[in-house]
Amino acid sequence: MSASSRAEPVALLAAAVAALAVVPLLVVVPSALSEGVGAAAEFLFRPRLGQLLGNTGALVAVTVPATLVLGTLAAWIVERTRVPWASAWRTLLLMPLAVPAFVSAYAWTDLAPWLDGLAGAALVTTLAYLPFVFLPVAAMLRSLDPGDEEIARSLGLSPAMAMVRTVLPRLRPAIAGGGLLVALHLLAEYGVLELMRFQTFTTAIMQQYAVGFSDVAGSLLASVLLALCLLALLLDIALRGRHRVARVGSGVQRRAERMGLGAWTAPALALLAVLVGLSVVLPVATVVRWLAAADGFEGELLADTASTLGLALLGALAATAAALPAAWLLERRRSKRAHLLERATFLASAFPGVVVGLALVTLSVRWVSPLYQTVALAVIAYAILFLPRAMVSLRAGLAASPPELTEAARSLGAGGTATLVRVTLPLMAPSVLTGLVLVALAVVTELTATLLLAPTGVSTLAISFWREASALDYAGAAPYAAGMIGLSLPLTLLLRRQILEER
Amino acid sequence: MPRRHHPLLASLVALPLLLGGCAAATDEDAPRAGALQIYSAQHIDITEALAEAFTAETGIDTQIRDGQDSSMGHMIVEEGDASPADVFLTENSPAMTTVERAGGLAEVDPETLATVRDGLAPSSGLWAPIAARSTVLIYNTAMITEEELPASIMELAEPAWDGRWGAAPGGADFQAIVAGMLAERGDAETRAWLEGLASGAEIYQNNIATMEAVSSGEVPVGIMYHYYWYRDQAGDGRASADTALRFFGGGDPGAFVSMSAGGVLAASDMPDEAQRFLAFVTSEAGQQVLVDSGAMEYAVGEGVASDPALPSLESLEAPVVDPSTLSSDAVLQLMTDVGIL
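So the sequences go chain by chain: X and B.
To convert, note that position 174 of the first sequence is 730 in the working numbering; the numbers rise steadily by one, no gaps.
To convert, note that position 176 of the second sequence is 187 in the working numbering; the numbers rise steadily by one, no gaps.
Treat the hints with caution; some may be incorrect.
[Claimed, not checked] Incomplete in silico selection of chain X near chain B, CB under 7 Å:
#, residue
1, 603
2, 606
3, 766
4, 921
5, 1013
No lab work stands behind these hints: they were computed from the structure.
None of these values were measured; they are calculated from a predicted model.
Ideal placement from N, C-alpha and C gives every residue a C-beta, glycine not left out.
Okay, chain X solo, but in the shape it has when bound:
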């Protein structure tokens, strides 16, 4: 009885968060249909839309499988083989998180101006999004108990088959979650695609909004994007599976044996080196080269760094706090309703920042004018946009912390608060921190929502970089790129420590 009474307030909170997350829809969908279904259909069923759909689909079809294969392979090499310098590779493979994707794209356009279209877009996004798959899969590989694998081998399976039959199925939530993040990011990506001259729904939406603000055409395109996002969410549910990951039993969890690579050492090393070289070394080296050409920094760099840091911290706290109720509900009271609440929080995140930003401008100007052009409104936008990052981390953390421990604490007489403080929070702390860092990283590079929502006079590193970069001023843009990398680097290292450090 007490269990369900505990769940009710949490469910209310989760519902409130879900309601906030779908707020942009309240503006977008009615606006899309404001000129009638006929006009909407006329706008949608034209060759241009087919072209956008084809481009967006092709990008997702290339990049998602590429990140899944490369990310999982890299994670397996680093975590389960005796590859040399595994620890260094582990750090380096996370580093793309510290290099904003549009900075990479900009570096590529400088080095290889001929690289554009689908090839350029897929290359840059694959390299930039690799950590979204590498991170959860590597973390899962580290925390999986090797028991099942050993049993499978004792029953006569080869090491490789044992891995495929016992480990791979358990990686499904991590792989599916990573793939979902990649897909949602692709649907919302703007900077990279603009630089690669590859038109997708998001670049088209940006264009529509740039010329018409919250107009019907932009809203219609956003509605199509929403449908694509729903599709991705359904696919994820289908692929995620329902394996239990947390381990309960006597004894201490052990680390799996590492496999010798033999003749495969050189190819494995080459693969890791190429991935790291293209995704990290190349853009960073380019930024350093630009920096060398820059003649002194402007004072704006400091102010931009301060406001970027402030917004990142506030956004991270807001998004993580908002993700907690639904994540807890989902892992502890797995129900249809809980699933619905969680999925709702994913919807708005496939929207480009500009859609959420404009929806909030419209709503705040009309209904809550004290919020208009305040930091608070920008933070709300970040919470809506980056909820999934926090949600994915929290769910992974909760999934790996067995509910039996909480129940045991309670059965031993600990009260609700004591259980929370002494058992639940310590178990959740790592995943909370992971969520905070992932969101903060996203806010550091957020461009379009910030532009619309930040108070007058507030600029961020991303905005200044984009302004200089649009003028093709490489030297002028370099300090801001370096600033973003400088802010993201410690966050990424913290993330690595948190997730992949020896346990």
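With chain X's structure known, arrange chain B on it following the hints.
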């Protein structure tokens, strides 16, 4: 139990302190009471130079919000009476017309309009031109000779130019050019030209990207505004190497001169200061700030000479169009119809 969580707890304690610091940092940037709020879609460095000189002369504090023509125009319309903006500056006039048609502009002081050269101000009198820029054809001198260039911008839509010209139709700059074409040549001709653009032009992000594409030989010619080229030439010339400009002249739609516009918002709570700002921008002193900023846009003030590197505004033989009649909405509809947007 687990000792390793202590750093986390420590950082959670430190977080509010950090946030306090950051909030203090951002508070300094928040809109200041008593400061004239300028919504600017002009190049930010030009607006900053103008605002600084204005404050130095009048002691009136200013604050600038940076944005882009169309979205900022629509934003002001959306904000309506609640708009914090006092003054709106655009790169091109159609965005100002958007606000004008929504009833968002106050009448500009007649003395301010009197300082602007004859024939440039809109017939409505609801905003003032603050600078001008001319459409040009940029071409790669290694790829194409002067004789092979089109005589009119309209020729670019012909099959002979398929895949051989670049443009940045997503920007307000380009839409202003099309608005000029629409006002002068009408719906059918403009639509046909846009169809040629949709099927035959290479699409770039903005004027500068178009310029670099021509310079690097991706396309032999491109459509842009004059001042990007002159600015690059005045600098290191890297993005405009091996290129030259062709001014179409002869009243061709390709010789269209677009006005940067300044307006005072009807909803302004500092209307007097806003009018003074606009008066300053069009005054000799303000126009000289524009010229000295290295913007390479044309000065529009009576008696102020533009940068000597530029051909004179009068020599451009621009088509005569009342900027009040330029509509971005009609242009956007056309561009959507032909599948560019």
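Structure-based check of each hint:
At its closest, the beta carbon of residue 603 (chain X) sits 6 Å from a beta carbon of chain B; the interface hint therefore holds under the 7 Å criterion. The closest approach between the C-beta of residue 606 (chain X) and any C-beta of chain B is roughly 10 Å, which is over the 7 Å cut-off, so the hint fails. Below 7 Å, beta-carbon pairs count as interface contacts, and residue 766 (chain X) has one with chain B at about 5 Å; its hint therefore holds. Among the interface hints, the one on residue 921 (chain X) holds; its C-beta lies about 6 Å from the nearest C-beta in chain B, closer than the 7 Å criterion.
At a threshold of 7 Å, the smallest CB-CB gap from residue 1013 (chain X) to chain B is about 4 Å, leaving the interface hint in force.
Of the numbered hints given earlier, the model fails hint 2 alone.
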